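Student: Residue strings, one per chain:
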Amino acid sequence: MIRMSPSLSVGGSAEEQAVFLRQVKTLGVNTITMGIPAAWTDDDIESTRGFLDEHGIRVGECHGPYKPLRSINAEEYELAKQRFRQNLRGARILGAHCVSLGIMRGFLSSHVWSEETWEQCITIVKEVVRDAEEIGVDIAAHPHIRTPLCSVERYKALLEAVASPRLKILMDPVNLTWPQMVYKTAELVNHIFDELSEFITAFHAKDVIMTGSGKDIVHIDEAVPGEGTMDYATILRRLDALAHDVTVYVEHFPYPETVAGQQYIRSVAREIGVTLN
Amino acid sequence: MILMSPSLSIGKSPEERAEFLRKADILEVKTFATSIPEDWTDAEVEEARKFLDEHGMRVGEFSRYYKALGGYNLDEHELALQNYRRQLRHARIIGASCVGFGVLRGRGTPHMWSQETWEYTISVVAELVREAEAAGVDVAAHPHLMSPICSVERYKALLEAVGSPRLKILMDIVNLTEPHMVFRTTELINKIFDELGDAIITLHAKDVMISGGGKIVVHIDEAVPGAGFMDYATILRRLDALAHDVTVYVEHFPYPETVAGQQYIRGVAREIGVNLN
Numbered sequence: 001m002i003r004m005s006p007s008l009s010v011g012g013s014a015e016e017q018a019v020f021l022r023q024v025k026t027l028g029v030n031t032i033t034m035g036i037p038a039a040w041t042d043d044d045i046e047s048t049r050g051f052l053d054e055h056g057i058r059v060g061e062c063h064g065p066y067k068p069l070r071s072i073n074a075e076e077y078e079l080a081k082q083r084f085r086q087n088l089r090g091a092r093i094l095g096a097h098c099v100s101l102g103i104m105r106g107f108l109s110s111h112v113w114s115e116e117t118w119e120q121c122i123t124i125v126k127e128v129v130r131d132a133e134e135i136g137v138d139i140a141a142h143p144h145i146r147t148p149l150c151s152v153e154r155y156k157a158l159l160e161a162v163a164s165p166r167l168k169i170l171m172d173p174v175n176l177t178w179p180q181m182v183y184k185t186a187e188l189v190n191h192i193f194d195e196l197s198e199f200i201t202a203f204h205a206k207d208v209i210m211t212g213s214g215k216d217i218v219h220i221d222e223a224v225p226g227e228g229t230m231d232y233a234t235i236l237r238r239l240d241a242l243a244h245d246v247t248v249y250v251e252h253f254p255y256p257e258t259v260a261g262q263q264y265i266r267s268v269a270r271e272i273g274v275t276l277n
Numbered sequence: 001m002i003l004m005s006p007s008l009s010i011g012k013s014p015e016e017r018a019e020f021l022r023k024a025d026i027l028e029v030k031t032f033a034t035s036i037p038e039d040w041t042d043a044e045v046e047e048a049r050k051f052l053d054e055h056g057m058r059v060g061e062f063s064r065y066y067k068a069l070g071g072y073n074l075d076e077h078e079l080a081l082q083n084y085r086r087q088l089r090h091a092r093i094i095g096a097s098c099v100g101f102g103v104l105r106g107r108g109t110p111h112m113w114s115q116e117t118w119e120y121t122i123s124v125v126a127e128l129v130r131e132a133e134a135a136g137v138d139v140a141a142h143p144h145l146m147s148p149i150c151s152v153e154r155y156k157a158l159l160e161a162v163g164s165p166r167l168k169i170l171m172d173i174v175n176l177t178e179p180h181m182v183f184r185t186t187e188l189i190n191k192i193f194d195e196l197g198d199a200i201i202t203l204h205a206k207d208v209m210i211s212g213g214g215k216i217v218v219h220i221d222e223a224v225p226g227a228g229f230m231d232y233a234t235i236l237r238r239l240d241a242l243a244h245d246v247t248v249y250v251e252h253f254p255y256p257e258t259v260a261g262q263q264y265i266r267g268v269a270r271e272i273g274v275n276l277n
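Going down the list, the protein sequences come from chains V and P.
In terms of the working numbering, the first sequence is residues 1 to 277.
In terms of the working numbering, the second sequence is residues 1 to 277.
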C-alpha cells in the first residue's frame with residue numbers, strides 16, 4: 001500500500017494538536033512523517049503515541065538526527081551515535097515505520113565520492129544498524145548526489161556490505177538525478193526499482209528541473225510534484241507493485257505547496273488506476 | 001604562445017580609445033577579445049584596425065553570439081547567419097584570430113541532447129563553416145553542457161563530420177564540467193587536450209564550483225579563476241605544448257574580477273614556468 005505521509009508537527013498544546021488534526025484532514029492522510037525533538041522524554045513520546053492512536057494516525061518516516069554522524073571528531077561522533085540511538089528508541093515507542101538516515105561523511109569536500117570516504121560510511125552504517133537491530137526499528141538510508149550515497153550502485157554495495165534486514169531504503173529519485181537523466185526519469189525510476197525495490201520502504205516525493213545557460217553551467221533543483229520532468233506515473237506503478245507498504249512524503253515545500261504536490265500525485269494515481277492511502 | 005586576451009571595447013571616440021588603451025595597459029595585454037556593434041561600417045572597422053596596428057594590439061576572439069543560429073525559427077536563423085556573415089567580414093578586416101559561435105537548439109528541453117538535434121546542429125555548423133571558408137576566417141565552436149555541443153565526443157564528431165580547416169574549437173572547460181568531474185578537472189583537461197588539442201585556438205578561462213545538498217540537488221557554477229577546482233597548472237602546460245597560438249579570455253566577470261582572474265592565471269604560469277603573453 002502506498003501511504004501518503006506528509007511532514008506535520010503534532011504539537012503539545014491543545015491548539016497545536018487541533019491545527020495538526022485540521023492539516024491531517026486537509027491532506028486526507030492517516031500516516032505522517034515527523035521528527036522527535038531532542039528534549040522530549042519517553043513520557044512525551046508515549047503521550048504523543050497515545051494521541052495519534054486515538055485518532056487513527058500512524059507515524060511513517062521518523063526523521064533521524066543523522067547530520068552529526070558525519071563528524072570525523074571521535075568524541076562528536078560518539079555523541080551523534082548516542083543521539084541517534086535515542087531517536088531510534090523514540091521511533092520504537094511511536095511505532096514508526098522507519099527512521100531516516102543520511103550518509104554525509106565528506107559532504108562539501110572533494111573527498112565526498114572517494115573510495116576511502118565510502119568505506120568509512122559503510123562502517124558508520126554498520127554501527128548504526130546494530131543499534132537498530134537491538135532496538136527493533138528499521139533504518140532507511142537516504143541518498144543525495146552530493147553525498148557518498150549517490151547512486152543505485154552505491155546503494156547495492158551498501159546493502160551487501162551491511163547485510164541486515166533492518167537496513168532499508170528511503171528512496172529519493174530527485175536526489176539521484178544527475179543532469180543526463182533529467183529528461184530520462186522513467187529510465188532512472190525503472191533502474192532504481194529494478195535493482196532496489198524490495199528494500200524501498202519510504203519515498204521522498206518532489207519534482208526535478210534543470211536550468212543552465214551562459215553563466216550557469218547546470219543547475220538541478222527541486223520543484224513541487226507536477227512542475228518538472230519526474231515521471232510520477234512510473235513511480236506510482238512501481239510503488240504499487242511492491243508487496244509491502246511504502247510511505248510517500250512530499251518534502252521541502254511550504255504547506256500550500258505540499259498540499260498541491262500531494263494533490264498532483266493523487267491525480268496521477270487516479271488517472272492510472274493506482275490506489276493511495 | 002598563450003595570449004591573454006580579455007574582453008575590451010575598442011570604442012570610437014578619443015575618450016573611449018584612451019580608456020581602451022588604459023585597460024590594456026593595466027591588464028598587460030596585446031591581444032583582446034571583442035565584438036563590434038552591428039551598425040559599424042566596413043570603413044569604421046578598417047579605421048579601428050589601423051588604430052590597433054598603431055598600438056601593437058591584436059584581436060583574438062571576435063564574438064557576438066547570435067542565439068537564433070540553428071534555432072527552430074528559420075527566419076531568425078537566417079538573420080543570425082547574415083549577422084555571422086557580417087561578423088566574419090569584419091573579423092577579416094580587423095585581423096581577428098577567430099569568430100566564436102555556439103548552437104543552442106533545444107536548450108532546456110528534452111530534445112537538447114537528442115540525435116536528431118545533433119544532426120541538425122552539424123548541418124548548421126557546416127553552413128556557417130562554408131561562410132567562414134568564403135571569408136577566409138576561422139570559426140571556433142563553443143560548448144556548453146546545456147547545448148548540443150556538450151562533450152569531447154560531440155566535438156570529435158563535429159570536426160569529423162564538417163571536415164574543414166576553418167572549423168576550430170573555442171574550448172570552455174568549465175562549460176563541459178559535469179558534476180562528477182568537478183573534483184577531477186585534471187583528468188577532464190587531459191582528456192580534452194588529448195582528443196582535441198590540435199583544434200583548440202581559443203579558451204574561455206573561468207573556474208568551477210559545485211554546490212547542493214538538502215533542497216538543492218546540484219549546482220555547477222562559474223567562479224573567478226583561482227576560486228574553484230579547475231586545475232590551471234595542467235591547462236597552462238597543455239596550452240603551452242600546442243604548436244600554435246591560443247588566446248585565453250577570462251570571461252563573464254566584472255572588470256576587477258577579470259583583472260584578479262587574469263593575475264591568478266599569470267601567477268600559476270610563473271610558478272610552473274610557462275610563458276604567457
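Each hint should be verified, as a subset may be incorrect.
[To be verified] Derived lysine to aspartate or glutamate pairs resembling DMTMM-like cross-links, with alpha carbons at most 25 Å apart:
hint, chain 1, residue 1, chain 2, residue 2
1, P, Lys191, V, Glu115
2, P, Lys50, P, Glu78
3, V, Lys81, V, Asp53
4, V, Lys156, V, Glu257
5, V, Lys215, V, Glu251
6, V, Lys215, P, Asp231
7, P, Lys191, V, Asp245
8, P, Lys191, V, Asp231
9, V, Lys156, V, Glu116
10, V, Lys67, V, Glu187
11, V, Lys215, P, Asp221
12, P, Lys12, V, Glu251
13, P, Lys215, V, Glu160
The set of hints was computed from the structure by calculation and includes no laboratory data.
These numbers were taken from a predicted model, which means no experiment stands behind them.
Student: Taking the hints in turn, state whether each one holds.
Tutor: Consistency of the hints with the structure:
Of the pairs offered as hints, the one joining Lys191/P and Glu115/V holds, with about 22 Å between alpha carbons and a cut-off of 25 Å not exceeded. Proposed proximity of Lys50/P and Glu78/P is contradicted: the alpha carbons are some 32 Å apart, above 25 Å. For the hint pairing Lys81/V with Asp53/V, the CA-to-CA distance comes to about 29 Å; that exceeds 25 Å, so the pair is violated. Note on Lys156/V and Glu257/V: the hinted pairing is violated, with a Cα-Cα distance of about 33 Å set against a maximum of 25 Å.
For the proposed pair Lys215/V and Glu251/V, the alpha carbon gap of about 29 Å is over 25 Å, so the pair is violated. Among the hinted pairs, Lys215/V with Asp231/P is consistent with the structure: their alpha-carbon atoms are about 19 Å apart, no more than 25 Å. Annotation: proposed proximity of Lys191/P to Asp245/V is violated, straight-line Cα distance about 47 Å (limit 25 Å). Of the supplied pair hints, the one linking Lys191/P and Asp231/V is violated, its CA atoms being roughly 35 Å apart against a limit of 25 Å.
At most 25 Å may separate the alpha-carbon atoms for a hinted pair to count; Lys156/V and Glu116/V meet this at roughly 17 Å. For the hint pairing Lys67/V with Glu187/V, the CA-to-CA distance comes to about 31 Å; that exceeds 25 Å, so the pair is violated. For the hint pairing Lys215/V with Asp221/P, the CA-to-CA distance comes to about 7 Å; that is within 25 Å, so the pair holds. Note on Lys12/P and Glu251/V: the hinted pairing is violated, with a Cα-Cα distance of about 57 Å set against a maximum of 25 Å.
Only pairs whose Cα atoms come within 25 Å are accepted, and Lys215/P paired with Glu160/V is rejected, the gap being roughly 29 Å.
Going down the numbered hints, you'll see the structure goes against 2, 3, 4, 5, 7, 8, 10, 12, 13, while the others check out.
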